[in-house]
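Listed here are the chains, written in short residue letters.
Number of protein chains: 4
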Amino acid sequence: MPESRKLRMGMVGGGRGAFIGAVHRMAATLDGGIELAAGAFSSDPEKSRASGKDLFLPADRVYGSYAEMIEKERARPAGEKIDFVAIVTPNHEHLPPARAALLAGFPVMCDKPLALSLAEARELRALVRKTGILFGLTHNYSGYPMVKEARRRVASGDLGRIRRVVAEYPQGWLASPLETSGQKQAAWRTDPARAGASCCVGDIGTHAAHLTEYVTGLRIEELASELTTFVAGRALDDDASVLLRLEGGARGVLWASQVAIDEENGLNLRIYGEKGSLQWKQEEPNTLMLKWPDRPREIVRTGANYERLSREALGATRLPAGHPEGYLEAFANLYKDFAAALLEGGTPDVPTVDDGVRGMAFIEACVESSKAGGRWTKLQGGES
Amino acid sequence: MPESRKLRMGMVGGGRGAFIGAVHRMAATLDGGIELAAGAFSSDPEKSRASGKDLFLPADRVYGSYAEMIEKERARPAGEKIDFVAIVTPNHEHLPPARAALLAGFPVMCDKPLALSLAEARELRALVRKTGILFGLTHNYSGYPMVKEARRRVASGDLGRIRRVVAEYPQGWLASPLETSGQKQAAWRTDPARAGASCCVGDIGTHAAHLTEYVTGLRIEELASELTTFVAGRALDDDASVLLRLEGGARGVLWASQVAIDEENGLNLRIYGEKGSLQWKQEEPNTLMLKWPDRPREIVRTGANYERLSREALGATRLPAGHPEGYLEAFANLYKDFAAALLEGGTPDVPTVDDGVRGMAFIEACVESSKAGGRWTKLQGGES
Amino acid sequence: MPESRKLRMGMVGGGRGAFIGAVHRMAATLDGGIELAAGAFSSDPEKSRASGKDLFLPADRVYGSYAEMIEKERARPAGEKIDFVAIVTPNHEHLPPARAALLAGFPVMCDKPLALSLAEARELRALVRKTGILFGLTHNYSGYPMVKEARRRVASGDLGRIRRVVAEYPQGWLASPLETSGQKQAAWRTDPARAGASCCVGDIGTHAAHLTEYVTGLRIEELASELTTFVAGRALDDDASVLLRLEGGARGVLWASQVAIDEENGLNLRIYGEKGSLQWKQEEPNTLMLKWPDRPREIVRTGANYERLSREALGATRLPAGHPEGYLEAFANLYKDFAAALLEGGTPDVPTVDDGVRGMAFIEACVESSKAGGRWTKLQGGES
Amino acid sequence: MPESRKLRMGMVGGGRGAFIGAVHRMAATLDGGIELAAGAFSSDPEKSRASGKDLFLPADRVYGSYAEMIEKERARPAGEKIDFVAIVTPNHEHLPPARAALLAGFPVMCDKPLALSLAEARELRALVRKTGILFGLTHNYSGYPMVKEARRRVASGDLGRIRRVVAEYPQGWLASPLETSGQKQAAWRTDPARAGASCCVGDIGTHAAHLTEYVTGLRIEELASELTTFVAGRALDDDASVLLRLEGGARGVLWASQVAIDEENGLNLRIYGEKGSLQWKQEEPNTLMLKWPDRPREIVRTGANYERLSREALGATRLPAGHPEGYLEAFANLYKDFAAALLEGGTPDVPTVDDGVRGMAFIEACVESSKAGGRWTKLQGGES
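Protein chains in written order, with the numbering used here: chain A, 33 to 416; chain B, 33 to 416; chain C, 33 to 416; chain D, 33 to 416.
Hints were generated in silico from the structure; no laboratory data involved.
The reader is advised that the hints may include incorrect statements.
No distinction is drawn between identical chains; accordingly, a pair holds when it is met within one copy or between any pair of copies.
Computed cross-link-like contacts, BS3-like style, restricted to lysine-lysine with a CA-CA straight-line distance of at most 30 Å [unchecked claim]: (1) Lys38 x Lys216; (2) Lys113 x Lys85; (3) Lys307 x Lys403; (4) Lys38 x Lys104; (5) Lys307 x Lys216.
This one's a predicted model, so the numbers in the text were calculated from it and none came from an experiment.
Could you put the whole structure together from the sequences, leaning on the hints where they help?
The structure is reproduced here in structure tokens:
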């Protein structure tokens with residue numbers, strides 16, 4: 033067994049006022065195996081410095097750009113330099129730092145979606161394959177114990193062949209033109225230059241698509257969609273309805289919206305097979321409902337002391353049942369698995385660059401199908 | 033004020049072993065204003081007679097056919113003959129008795145969907161218009177108090193302009209080929225000769241479509257659909273996914289399934305407007321959830337003692353809050369309103385023959401769009 | 033098999049403005065086996081007459097007093113006179129009509145609690161025993177299918193020996209002095225002359241106590257209580273907390289309140305045994321939750337198609353799962369069982385006069401214990 | 033504004049195999065303001081060393097006893113030595129390290145209950161008062177945002193004068209004699225020498241009592257209880273029912289159980305006032321239900337964007353609504369407030385040594401009342 037040690041993370045993005053950067057930091061450090069060691073928190077060096085100070089980093093580990101961070105960290109001695117790079121910038125700033133990190137030999141954890149476009153995503157995939165360096169993508173909802181349990185249940189055949197899938201991701205925070213008020217999160221997500229071809233599908237629809245594939249183990253092959261922009265003046269979609277055809281004949285509906293008032297972060301998934309069904313809701317993440325044709329529904333709970341609960345679910349759980357674990361804990365599971373793979377090798381249960389390419393293909397197919405009046409459109413991400 | 037009296041109902045269908053006939057009888061008589069006075073409970077005269085005896089009817093009010101019932105009841109004196117006809121047969125047996133009843137001057141309450149085809153539905157609509165006789169269609173879910181409250185909330189503008197609708201109707205009872213086992217309800221619903229062009233859309237999708245239009249007050253203008261038959265050997269669809277475009281620019285998803293294992297009777301509706309949202313679930317019918325952008329969600333409850341609760345909701349409620357009213361009570365509200373209109377005139381809050389035509393148009397558009405690879409298809413029922 | 037026929041009910045109480053009388057009528061007639069044939073709806077003959085007319089009764093079956101009804105109905109011929117008497121008056125008017133009915137040979141369905149006092153209750157029990165006539169008490173919550181399922185589960189040993197019980201019955205409708213506004217339901221329930229020794233325990237606490245004994249099959253042996261009157265000027269308690277000791281060593285808490293704002297009719301029961309637990313809530317009556325030490329919770333649903341669901345639960349169900357049955361349907365189950373016993377003999381699954389005596393003993397023990405500073409007090413109703 | 037810096041925590045207890053120590057570490061470090069700097073993780077020096085290594089501590093900051101840690105850390109220079117001590121040992125090992133830490137001038141965060149007995153608790157309170165050093169007690173459930181919102185709502189008078197309280201804390205993990213199997217958590221909690229006078233009341237009942245007082249702002253003045261030991265051979269209670277009398281006339285029920293099968297960690301609280309009610313459940317911690325006499329129930333949610341949500345709730349929230357925060361995040365709020373007070377002064381929103389004394393008084397009153405046959409017993413902790 034190799035000597036264990038605390039891994040050092042270098043962060044790109046996540047300066048003052050950012051949302052997801054703080055999430056990554058809390059998630060990465062929750063289990064005590066990772067520490068924030070360096071950062072280029074903003075493309076504005078002054079802001080980067082101030083953010084680094086907030087985070088109690090020594091001044092010489094706070095950089096004015098990702099390029100500087102990667103260059104200087106690479107030069108540090110083995111026992112001091114960062115072990116991996118976390119990228120938490122808007123979509124258009126995923127590829128450049130990821131490329132630089134990989135070329136410098138640093139493993140990467142990257143926020144989703146993978147890139148600004150399918151073409152960029154493919155470039156990144158090619159680089160990951162070429163370098164053979166570990167690359168993770170934070171489709172964080174796959175980190176929940178009950179999502180892992182759901183995946184295991186499907187994989188073990190408990191539900192039989194899958195027939196129907198319903199994936200939903202309603203939010204309401206963009207029901208009004210928040211981006212015109214200077215709200216930073218809204219501004220970049222509705223800006224094609226920074227977000228890419230889609231707002232709603234890109235930001236949340238891809239989570240739903242990833243979750244669908246993760247749990248069912250089936251690829252989305254074709255889709256027919258209608259994207260809508262409800263808020264006047266918005267440059268990208270804020271609502272999407274998608275019909276799905278999956279491998280093996282399963283059919284489904286996926287819808288996402290950012291204008292569904294007072295929906296908070298309502299990602300949920302229902303899967304119906306020939307022998308049983310399951311249901312999971314992100315806002316009540318510690319419950320997985322299983323449904324059967326001839327016996328009562330079962331409520332499976334995170335951390336419960338059952339005769340049968342998957343190793344994967346138990347391994348993603350820190351507390352006894354009834355001590356709610358939430359969004360940060362699920363996010364932390366990705367970092368925990370990533371860190372273990374860095375130390376011990378193996379394939380972590382973390383979404384990959386391939387998942388990221390499929391996510392970009394999903395986005396682009398949604399946009400294309402909607403423009404073509406809902407024509408059934410194949411996803412172009414499966415090829416190598 | 034006219035003298036009140038108990039109305040006499042003559043029933044077509046609903047003999048031994050039927051499901052919905054018993055529901056109509058319990059619903060019609062619940063409030064004490066209607067009694068079962070006559071019936072042609074089966075096309076088999078022997079079975080009709082036995083059923084009539086079960087129901088404590090005198091032998092001379094039990095008939096061997098609807099034609100006989102209508103003819104003989106018409107001939108009875110005013111204080112004795114039936115006041116209206118309830119039709120509770122499978123779809124292919126809606127038009128003939130309805131036509132006969134109308135031509136004989138009897139008001140009609142008819143189970144849904146209206147007929148076997150859009151063409152039949154139009155014929156019936158023409159006859160209703162020509163005769164001017166009261167005709168009700170039992171899209172019973174519109175009878176729930178909280179559905180009426182939802183409709184009022186939308187109509188009053190509380191939610192603002194409607195943007196998105198999600199209507200679902202999952203069931204699981206046809207997940208296996210039940211129709212091959214002799215189960216009567218499954219047999220006729222999966223038989224094109226008795227059910228029409230669709231099983232899933234016809235039997236339950238139309239309820240969801242009606243509920244959508246009833247609550248939003250907006251017509252479904254266009255749809256794109258995919259109907260699927262998951263159970264091998266079944267002649268009609270048992271699963272349907274539909275994208276909707278409604279009047280005024282609202283978009284939506286409607287899906288229904290009869291193979292969603294352990295879904296019971298999961299009709300539910302979510303409506304998102306510019307100012308607020310609402311949600312209602314048939315299986316928890318006494319709760320209406322209202323959602324707002326800037327204040328806590330509200331749980332509106334049947335029978336509650338609020339400063340504000342619509343007259344329509346209160347009028348559809350028999351018991352104080354917390355005394356659950358269910359499916360039969362909602363169904364009974366249609367009969368209660370229908371009876372009041374028979375006695376006192378006025379337009380009852382009961383789905384009409386026009387709703388029935390729209391329902392058939394919905395079914396046929398779903399079938400057509402799905403056959404055409406999901407092409408956006410207009411509903412053809414709105415014209416006179 | 034005896035000839036079936038529709039049974040004729042004569043009602044005492046339940047005139048215009050009454051609540052529970054209308055409930056009894058809807059419940060009794062729901063299944064088509066009972067008709068309202070006569071009534072003494074009010075001690076005011078004029079009001080009785082008007083109420084009878086509302087209910088479409090012939091004038092000669094509407095009486096000015098229960099005594100008149102019982103006398104005249106007794107004199108009618110067998111094929112015409114009422115088959116039983118339903119008593120739906122306030123508590124102080126239970127014993128007199130019940131006694132008269134029994135002495136005249138009429139079976140009785142009586143609202144709860146049984147009488148104004150334990151002494152009265154014992155008198156009635158003695159009379160029932162002496163006459164051998166069927167007597168039912170409408171602790172209606174025992175009519176729910178999932179309550180019957182719960183009882184079966186305990187009886188079958190699934191939960192093992194019972195350790196702990198929690199019974200709750202919160203309501204909020206008496207949080208303000210409603211009785212001073214002329215509200216009839218509040219007025220008599222807070223009046224010792226009409227309600228007896230307790231308001232809260234008498235009106236709803238007894239339901240919770242009966243449900244506890246019905247489901248566990250264990251008698252409440254001793255209790256320690258604190259009754260409180262929160263609304264100034266009220267003559268009786270409007271809130272009660274009770275510690276319970278049951279047969280076999282089980283311990284419990286029972287609390288009821290009429291001042292718990294916006295609690296509607298929140299009767300619920302949790303039972304914990306050595307091998308498993310269960311939970312049932314009246315406001316979501318079609319769900320029974322079962323809990324196990326080593327496997328997932330199970331959600332048992334009314335009308336579901338399980339390999340295992342008790343005959344008792346299925347027999348109390350009219351509709352397929354997911355078609356909610358509510359308060360009236362559960363209430364109707366008592367009448368259905370009562371009617372079947374009248375026609376066919378046997379012991380109906382309807383609370384008895386013995387349950388009624390125990391209910392009065394429970395009320396009096398609560399009052400006595402509370403007055404004695406919460407002293408543990410034995411129930412005095414078990415002896416013959 | 034003082035220079036911010038990362039605070040250094042020294043931990044007593046929490047070695048390999050411990051439960052609550054890991055919780056304290058994750059909670060303390062979650063927000064990045066505290067680091068684990070030293071520890072005496074076990075009274076077994078070897079085990080302490082191994083635990084320190086697991087936690088990546090340098091060998092010279094891992095101690096063989098709390099006494100050694102306090103002595104040596106005290107001697108370190110200001111920029112290096114620990115800033116406070118966290119005590120996460122069983123109950124009998126709270127007073128000795130707390131006393132030592134206070135006498136050495138170290139602030140203390142101590143797990144609950146405060147001590148082994150009321151006498152010990154008073155000693156500790158005297159020492160805290162005398163030294164004036166900050167002392168926090170981890171009644172962690174008060175750290176939830178919706179608990180803080182509930183407290184604010186009561187304090188602001190929204191609910192009016194409080195009438196009734198129901199506090200529950202059911203668990204099921206001790207339904208069988210787990211302590212005989214070598215399970216460490218069960219072993220010490222059921223051992224009077226390490227747990228004190230009570231198992232169920234001491235371990236979880238005190239949480240419920242603290243939560244009741246924290247939210248209502250009212251002290252429990254008197255109680256009547258029945259403690260039970262259901263598992264044969266167990267030396268302490270595993271189940272407790274308590275009637276409460278609070279300041280100002282409020283009445284309540286508090287019950288806790290460790291034998292309620294498949295209850296996980298079901299702490300919950302319902303409070304009923306003259307103007308409104310509220311309800312909170314630990315297992316769904318991000319929802320607070322408010323109930324009103326004349327308008328719909330309101331669902332208040334953690335992180336929501338309301339016009340009105342208390343500063344206290346918002347300050348205890350890290351993520352937008354719908355991103356569930358759980359047990360660790362609530363626990364972390366105590367540490368965050370504690371750390372802020374250490375740096376900036378002021379009174380943190382963290383339970384105090386006075387709360388701890390009241391908790392011990394609650395435990396002892398429960399034991400005394402139960403032994404005295406449920407006699408109403410005053411709490412003895414309020415005096416100085």
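Hint by hint, here is what the structure shows:
no.	hint	result
1	Lys38 x Lys216	between (33 Å within a copy, 28 Å between copies)
2	Lys113 x Lys85	both (19 Å within a copy, 21 Å between copies)
3	Lys307 x Lys403	between (37 Å within a copy, 28 Å between copies)
4	Lys38 x Lys104	both (20 Å within a copy, 25 Å between copies)
5	Lys307 x Lys216	between (46 Å within a copy, 23 Å between copies)
Going down the numbered hints, you'll see the structure goes against none, and every one checks out.
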